[in-house]
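Build out the structure end to end from the sequences listed, making use of the hints.
Each step along the sequence shown adds one to the number in my numbering, with nothing skipped, and position 157 is 157.
Misleading hints may appear alongside valid ones.
The calculated label-pair distances, taken between Cβ atoms and stated as ranges, are [unchecked claim]:
no.: 1; residue 1: Lys142; residue 2: Lys118; range: 16 to 22 Å
no.: 2; residue 1: Lys238; residue 2: Asp102; range: 26 to 32 Å
no.: 3; residue 1: Phe56; residue 2: Asp472; range: 29 to 35 Å
no.: 4; residue 1: Ser455; residue 2: Thr159; range: 31 to 37 Å
no.: 5; residue 1: Lys238; residue 2: Gly156; range: 31 to 37 Å
no.: 6; residue 1: Gly400; residue 2: Arg505; range: 24 to 30 Å
no.: 7; residue 1: Phe56; residue 2: Ser495; range: 43 to 49 Å
no.: 8; residue 1: Asp295; residue 2: Gly46; range: 23 to 29 Å
no.: 9; residue 1: Ala200; residue 2: Glu105; range: 46 to 52 Å
no.: 10; residue 1: Asp513; residue 2: Lys238; range: 53 to 59 Å
no.: 11; residue 1: Lys140; residue 2: Ser455; range: 23 to 29 Å
no.: 12; residue 1: Asp27; residue 2: Arg505; range: 46 to 52 Å
no.: 13; residue 1: Ala39; residue 2: Asp295; range: 26 to 32 Å
no.: 14; residue 1: Asp102; residue 2: Glu210; range: 28 to 34 Å
Simulated from the structure, these hints should not be mistaken for lab results.
For glycine and all other residues, C-beta sits at the position ideal for the given N, C-alpha and C.
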Amino acid sequence: MEISMNTKEILIKLKDALINNALDAGDVPVNDIKEALIAEYTVAIGKDTIEYNRLFNYCSLIPDTGLNKNETISFIDRMINYSIEISNHTSVNTTELPDNIDPYEQYQTYLELSEHYKTANINQYYLCLENAYFHCKDAKTKQEIHDKMTAVKNSGHVTVKPASIVIVSYNCMYLMQKCIESIRNYCYKPSYEIIVVDNASTDGVTDWLEQQPDIELIKSNTNLGFPKGCNIGILNSKKENDIFLLNNDTRLTPNSLFWLRMGLYKDEETGATGAICNYDGTLQYHELFFTALDDYIRYGYINNVPMKNAYEECTILCGFAMMLKRQALDKTNLLDENLSPGYYDDDDISMQLRKLGYRLYVCHNSFIYHAGSQSFGTLPSDSILNICSRNRDYIWKKWGFDPLNNSIGNIFKMIYATAEPLALLEINAHNGASYAHLNYICPNLRYVGYESNLSYIPLTIKEARITYTDYDNIDFCQYNKEFNYIIINNATEYSEAERNSLYARLYGCLKADGQLIWNDNTPHND
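Structural data, given as structure tokens:
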């Protein structure tokens, strides 16, 4: 089996597999990777450049075989950086970044914000006071804020819980140290505890973790994988705390945890929130490129601010930084350990929460740096892709549909934000992932969705009002030139004859300038 992915996505998965011992260094197709990057570089940037010569010379120095694990990870990291250069070659980042990301007056923003929430949401009111206290440097003002926090707490109406930050560790000491450092730098200490589950590391990170007084370390004699490691961390956390699952290759930025918690406590229905990041390949990906890592941290400071439309509902959240409400998580079976060593475990816990009626939100004002990065046409299946394929099949059997249908695919690249009225018909609407995103970016959306697979029903976005029926039962004549767009998902499952037949039935539904989109990146204009 071959799975089509872009270069960065494949490289990330290879790196993750190496780190988690799911792939041996000798199984990494080093020569194929070099050839693919050089080919892409030639097309995107050209041969007659200093950058191309640098890449070519580096690849010439790297043997195709015989690299150990650390050497292979280092090689993949370099290739990831080159793939980022390719994808960003024509992009210029014009974002102005401040030098000072901890200004004296920062607390005033959150103190003023607390007044907004004082009568609207007592939990968010308390969180704003807590963040104002954390940032305040004036002793007298700090005490006044603390007195307010105490009074609110004593009212008995606040249900906010601290966060237990659960991190699964396997080697990569430097990444772990930087991750922990970012937590200490940008989070209010009483608002969290750190729990690290170490999967039998061999590079000294376990010894370093043992020396940290603010970390509860759980040591395993074997590599348990990500899902089981997370579950052990959850079970060893303080029983009432919310859970923040965090990859060890991340770095929190100023106020990122605060805004995830603000999203979590926006209402009772919210079960989990997730951050945006600099890579990922999902809805949570925020297209961003800086040459210096510190610039990503500084970017977090200007992004993680009060935002009018911060929360986007979604059907799944990526597990690199997932905040879970304890009362919701306690109703689930935790992460499915059948998915060890990892991949699709975050899909599964997301679907468990949605089946229970909880909502999931991406917090656009919570940016967290993720070191992995992301772009390859196609690589043959190897150990890591076999794991992905196996776990994808497992989820399919468990939930009754392909987990890839939980995402919006490439729709977000075809339909852009607009304040104008937009009418859209979606065939194979699944559980409303496309609707949720389009409703977020297009506030005047009129949406009609149809789906034939009844397995999606318990997980559907409520407001989508998707009709679950056999498509042969639909009279499309009722929609006379109504839609700006018609989306047909799973387009590759249709034969050419079936496509033509469906197109003939849908033709009359499109407006004169309407567009029919097959979700195989082949748009057909009316």
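Now the hints, each set against the structure:
{"no.": "1", "hint": "Lys142 <-> Lys118: 16 to 22 Å", "in the structure": "holds (19 Å)"}
{"no.": "2", "hint": "Lys238 <-> Asp102: 26 to 32 Å", "in the structure": "holds (29 Å)"}
{"no.": "3", "hint": "Phe56 <-> Asp472: 29 to 35 Å", "in the structure": "violated (57 Å)"}
{"no.": "4", "hint": "Ser455 <-> Thr159: 31 to 37 Å", "in the structure": "holds (34 Å)"}
{"no.": "5", "hint": "Lys238 <-> Gly156: 31 to 37 Å", "in the structure": "violated (20 Å)"}
{"no.": "6", "hint": "Gly400 <-> Arg505: 24 to 30 Å", "in the structure": "holds (26 Å)"}
{"no.": "7", "hint": "Phe56 <-> Ser495: 43 to 49 Å", "in the structure": "holds (44 Å)"}
{"no.": "8", "hint": "Asp295 <-> Gly46: 23 to 29 Å", "in the structure": "holds (26 Å)"}
{"no.": "9", "hint": "Ala200 <-> Glu105: 46 to 52 Å", "in the structure": "holds (47 Å)"}
{"no.": "10", "hint": "Asp513 <-> Lys238: 53 to 59 Å", "in the structure": "holds (57 Å)"}
{"no.": "11", "hint": "Lys140 <-> Ser455: 23 to 29 Å", "in the structure": "violated (59 Å)"}
{"no.": "12", "hint": "Asp27 <-> Arg505: 46 to 52 Å", "in the structure": "holds (48 Å)"}
{"no.": "13", "hint": "Ala39 <-> Asp295: 26 to 32 Å", "in the structure": "holds (29 Å)"}
{"no.": "14", "hint": "Asp102 <-> Glu210: 28 to 34 Å", "in the structure": "holds (30 Å)"}
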